[in-house]
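Novice: Spelled out, the chains give:
Protein chains: 2
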Amino acid sequence: MVKARKYVVKKYFEGVPKKSDFDIVEYELPPLKDGEILLKTEWVSVDPYLRSYNRKMPVPYDQFSYQVGIVEESKHPTYPVGTRVVTHNGWCDYSVVDVAKITAYTADSDSLEVLYKLPELKGLSPSLGIGAAGMPGIAAYYGFLEICQPKAGETVVVTGAAGAVGSVVGQIAKIKGCKVIGFAGSDDKVKWVEEELGFDKAFNYKTVDVQSVLKNAAPKGVDCYFDTVGGEISSLIITQMNKFGRVSVCGYISAYNEDHKKTPTAPILQPSILFKELKIEGFIVTRWASRWQGAIAQLITWINHGQLKPKEHVTVGFDRLYDAFVGMMAGENKGKAVVKI
Amino acid sequence: MVKARKYVVKKYFEGVPKKSDFDIVEYELPPLKDGEILLKTEWVSVDPYLRSYNRKMPVPYDQFSYQVGIVEESKHPTYPVGTRVVTHNGWCDYSVVDVAKITAYTADSDSLEVLYKLPELKGLSPSLGIGAAGMPGIAAYYGFLEICQPKAGETVVVTGAAGAVGSVVGQIAKIKGCKVIGFAGSDDKVKWVEEELGFDKAFNYKTVDVQSVLKNAAPKGVDCYFDTVGGEISSLIITQMNKFGRVSVCGYISAYNEDHKKTPTAPILQPSILFKELKIEGFIVTRWASRWQGAIAQLITWINHGQLKPKEHVTVGFDRLYDAFVGMMAGENKGKAVVKI
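Residue numbers (the working numbering), protein chains in the order written: chain L, 1 to 341; chain D, 1 to 341.
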């Protein structure tokens, strides 16, 4: 028998999630049945959607998230002991997967369940499987390329520029020959995305006048906007878009900790949408479930060629998952926030 | 020599346009040159975009708008005397057109200039050339069909449902087998779009709770939203959209008379855009300039077959153009507001 631990969300979050909203539950995993595998968790992802999906789940629920695990015991031939896999098994240290059940998952489904072997990373950390070569990287890849359809020479704006997704979007935009302007939440992040990631320009949105700095940095206007924050700053950026500009909505973290009963307000988008004939589209990365492996392969190639820098912000310890999550939501991370179990 | 009159906007509008913002100028038209035609205006269109484009023009400017005119004198073989044409010559009683200059207009241009022969209307009023079989009809046709891509059985919401464009959109949606719910600004309009135009349901947005009536009328959610008003009501409607819903932004009349320096605020759209993976796109009808005639032909066919009812709200007299415009902006019209000169 294997003793396992998991985080259970027992209360809906109000504002910033509290430690007391979670229980850590210890329990015994049942013996494996045919077709099942036992996973030992190695890396757990903390992402903004853990906050925004909170009210979509009936409490209590096991805290979901992507994770990298290693097969410790196997009753399924495809996944022998020692295989590393990516799942959506969440904040736990051990878990059992019924392979057939999870692979019944389809692209049509709203389910976030997933199971695939960690791709060959050629010496890179397996944690990339939940970072730049995993869900956040895929969100950046398809969310930007499919929805924004960027062309070389165009000007791209990214909010959450130092985050797990935004930092990859900006680098992909550079690879595609675009001019990239980022907004992030500290001077340190601004320096990092400019100096390390090669953004053409970045700004600390907390200390600048967004409209005037953007006007200077993008004198020819903005063609593509990758939006991870929503709200007022997005309204301001969208007023500076060019005719037939494209906006990809990946998140709206500015409002995730707001009162869920009251949607925040911001300047309306319709004037810009109309006169600039903009296209604004939101996405959830599972819509491309059947094409994830193609994005992963390209992302790994870029990382291996040094064109994409997959910075991580690592917290160590199962007991520190909560801290890592709240820290990420407060913007403490540069790049992908992951927890080593 | 022909004596002509035209309305000149001499001051930018503040709030509701004032009569004193206009001058009526009398002047002599010069003799026709080769390649020119002299038009006597028969019908003038008043539309919301006359208000929203106000600050985009340098004052003073001649008040633009679509109009139907008849050729009174011609030095161009394609347009003999007696030909009826549609132009964007605005609020005037006579005008001269340099044919080659106007037809140099292309779809790429932001110019609204246009010149084409009024299509054969089979006994219908020539005024339809600036209504259901003209720009507003074309905006309804392409703006709805191309951007919303409606499928039979889907639920469509239209704001400004009794307006020149919205009233046509709702009827096209019915032709396409959709369920149609309209919002309009008076009980009388609601009754009209339900009883005469065949909308499945309509509401007076001024007297109902938009969210609760929509929840009842569209229990399976909204697939397509044709937005002519923007602002708060649009935010409310968009929260009730289904996965992969489509929004076509045709206007935002709720804010046209607001202080131009201060964009109004409304509940942010990003939560719905993200979780429902919505696509929101704005359009200006000139993007389909090369395809206008196709839409016009279809609209005329529908009108002739009784599938599309092209109601008009007619004001008579050159001197009443201002009243017709301000009345239309205040919502006095059912269907297309036109002025007979």
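Warning: the hint list may mix true and false statements.
A pair counts as met if it fits within one copy or between any two copies, since identical chains are not told apart.
[What the hints assert, rightly or not] Straight-line alpha carbon distances no greater than 25 Å define the calculated DSS-like cross-link-like pairs of lysine-lysine that follow: (1) K10 <-> K279; (2) K151 <-> K279; (3) K176 <-> K279; (4) K309 <-> K122; (5) K33 <-> K215; (6) K279 <-> K56; (7) K176 <-> K261; (8) K262 <-> K243; (9) K215 <-> K174; (10) K201 <-> K75; (11) K279 <-> K243; (12) K279 <-> K122; (13) K122 <-> K33; (14) K311 <-> K117; (15) K262 <-> K206; (16) K11 <-> K122.
Hints were generated in silico from the structure; no laboratory data involved.
Computed from a predicted model, the values in this text were never measured in an experiment.
Novice: May I ask which of the numbered hints given earlier this structure violates, with the numbers listed in increasing order?
Specialist: 1, 5, 7, 10, 12, 13, 16
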